[in-house]
Amino acid sequence: MTPSDRDATGLLTRPDDFVQLVSPTGERRANADFDAWITDIDAAALGRLYRDMAIVRRLDTEATALQRQGELGLWPPLAGQEAAQIGSARALRDDDFAFSSYREHAVAWCRGVEPAELLTVWRGTASSGWNPFDRGMAVPQIIIGAQALHATGWAMGAAWEGSDAAAVAYFGDGATSEGDVNEALVFAASFDAPVVFFCQNNQWAISEPVGLQSKQHLARRADGFGMPGIRVDGNDVLAVLAATRIALDRARRGDGPTFIEAVTYRMGPHTTADDPKRYRTDDELADWRARDPLTRVLALLEASGVDVAGFERDVAAEADVAATELRAAVTTIPDPAPLSVFDHVYAEPNSHVDRQRDHYTRYLALFDDPDAAASGAAEGAAR
Amino acid sequence: MTTLTLAKALNAGLRRSLAGDDKVVLMGEDIGTLGGVFRVTDGLKAEFGANRVVDTPLSEAGIVGTAVGLAYRGFRPVVEIQFDGFIYPGFDQIVAQVAKLHYRSRGNVRMPITIRVPFGGGIGAAEHHSESPEAYFAHTAGLRVVACSNPADAYVMIQQAIASDDPVLFFEPKRRYHVKGEVDETASVADARPMGVATTITNGTDVTLVTYGALVQTARDAAIAAAEDGVSIEVIDLRSLAPVDYATVEASVRRTGRLVVTHEAGQQGGVGAEIAASITERCFEFLEAAPVRVTGHDIPYPPAKLERHHLPDLDRILDGVDRVLGRPNSLSGVEA
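Sequences listed follow chains X and U, in order.
With UniProt numbering applied, the first sequence covers 1 to 383.
With UniProt numbering applied, the second sequence covers 1 to 336.
With the rest of the complex left out, here is chain X (with noise of 0.2 Å):
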């Protein structure tokens, strides 16, 4: 690190230095010791992959507009860390578990979650849109940080069954300063437990850069906790795959955890509620800009000979397919029923919700049946 990585405040500016597979142009960058980890990615692969970014994006945006349209409370955007979250999520298998954040969409569509489970959350119809189990995919995380720990805590049980899944916990450059996320980097250090700490560092934790989270490399944290770091260009879809399956086959051959820190950026709001021009500016998005993890592959793409405009136009035809079917999922969500706000507090009996849940449906039925309520209220009154 030089002087000139820091600005005038002492906070860290210069973002790139890491592993580059793909230049935001599209050249391909040797590395051999990433290189080997991807020789399966042919052009068809690389397509693939593409297309899952591109997709994603589109989801992302026309989730942004649901949002405006009042279909949905809220929705925190992921666009400009498609790479980060396709690359990484593409890497895992279906046995591994994955403990997210709450912009892990793209990581979600890789897991199988279906457009409507996405949304339920955001429309404020459940605290959660899918079975876990049903995913490899836990229940998102909005505590920041808390689920670096519940990774951890998994690839310690899977260890112990001898099982060679592995857990990944996915977090952001504002978590590393959570006690909970150091605490998961000493216990999974400590136990060898099977984890892949991915760090995505989109240098914005709402209005606070990641200077004030680190002043340095934030994997360089890692060696501290006695465990392997890598920094790779978040915005490199081949780069971040090839670092996933490093990190998973060391945790799968029982040599512990390793920490990722995916170096990319946040193209647009924390949430739709936050206004990021507050804070940052428009030449630090046009930079950004240029370094879009969608183009760069493209033009790779091209380069190996690919019909670039015909497939980008048959992908943007796939997503707006998805878009438009995660539009259509926003109808089929159901209220919820009043009455299941008690439900699954408890696994087993609970004789306290069990008479605040009577209470109050002898409540609501005053608003139903005038006779039957005025009978339930006496046998209430007597109780």
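Treat the hints as calculated values from the structure; they're not laboratory data.
All of these numbers come straight from a predicted model, not from anything done at the bench.
Do not take every clue at face value.
Computed list of chain U residues with no C-beta within reach of chain X, every gap over 10 Å [stated by the list, open to error]:
1) Ala46
2) Arg104
3) Glu185
4) Asp245
5) Gly257
6) Arg308
7) Arg316
8) Arg327
Computed, partial: chain X to chain U, Cβ under 8 Å [said to hold, decoys possible]:
9) Leu118
10) Gly124
11) Gly153
12) Ser177
13) Gly179
14) Ala184
15) Leu212
16) Ser214
17) Ala347
Cβ coordinates follow ideal geometry from the N, Cα and C atoms, glycine included.
Based on these hints, arrange chain U on the given structure of chain X.
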């Protein structure tokens, strides 16, 4: 029947749970090789191995948070918080994760985690080692909160807590760890009194005295002392603080017409406040006097030389009994 201390009874219960289900794992600081600072887990690591009885780094959020992940994986973690005052670094994982994941996942993810907490004072400990944080957890939906008071209950209740598909905060009265009692180690836990059901320790007709944990013994002593004075006290060991077995308390208050609740924790927002309010709502017309709380003061836990002035003892409890009976007491002339 075997005579065991409360600590040894817990040890026997943990051993039986470990032997009965290989998904049960114990985790905590110093619980393995050392056997726990109170020796509750003594010998279990040697018997079941380091992957079943796990010495962890010194990190309460880490202990509870990894237990969440283990529960996701199908384990039934039993974690030890070494002392009551150390639970706060793990508070977020307990109230925001353990308590809520079943609800948030719409019943798909179970959190059968037992969190063992030695609690309460009276052992002359240093600060942060004598606290009664149970009300924080009783206030949190999704958690069950229980407290054992004697070896027989400890042996059964710890197994019930571990078998429960809900997360359980399991409070152990540390000043009673070495009190001995009869334990039937052959009895079926399935046939035992459920941990959510209170126990009537002594029958009485004049006052219902409700408590839990270490003060159950003190309350029993108070009942004996009061009987010599012609006052008949019904002592109820709540055992479960969330949910409270109101059926038992309510039935008792309907007979006695008077309620005293005593606990070591401070008064404001405590379990006693909840019980006094609930009983007032449920059987106001049966009450001969306003319910009275005899509790610790609303102060940080005091230095050891002062704790006898903080903890309810036999005489303070009897003073509370005098209040509900309208007999001369320390607040005579003040309350009106």
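Okay, the hints, checked on the actual structure:
1. Ala46: holds, 18 Å
2. Arg104: Contrary to the label, arginine 104(U) does not stay out of reach of chain X, its closest Cβ about 4 Å off (not over 10 Å).
3. Glu185: holds, 25 Å
4. Asp245: Violated, since 7 Å does not exceed 10 Å.
5. Gly257: Non-interface label stands for glycine 257(U): nearest chain X Cβ at 19 Å, farther than 10 Å.
6. Arg308: Its Cβ never comes within 10 Å of chain X, the nearest being 34 Å, so this holds.
7. Arg316: holds, 29 Å
8. Arg327: holds, 32 Å
9. Leu118: This hint is violated: leucine 118(X) lies away from chain U, its Cβ roughly 15 Å from the closest one there, beyond 8 Å.
10. Gly124: violated, 13 Å
11. Gly153: holds, 2 Å
12. Ser177: violated, 14 Å
13. Gly179: Because about 6 Å separates glycine 179(X) from the closest Cβ in chain U, which is inside the 8 Å limit, the hint holds.
14. Ala184: Result: holds, 7 Å to nearest chain U Cβ.
15. Leu212: violated, 22 Å
16. Ser214: Violated, about 20 Å.
17. Ala347: Holds, because the Cβ-Cβ distance from alanine 347(X) to chain U comes to roughly 4 Å (cut-off 8 Å).
This entry does not satisfy hints 2, 4, 9, 10, 12, 15 and 16, going by the numbered hints stated previously.
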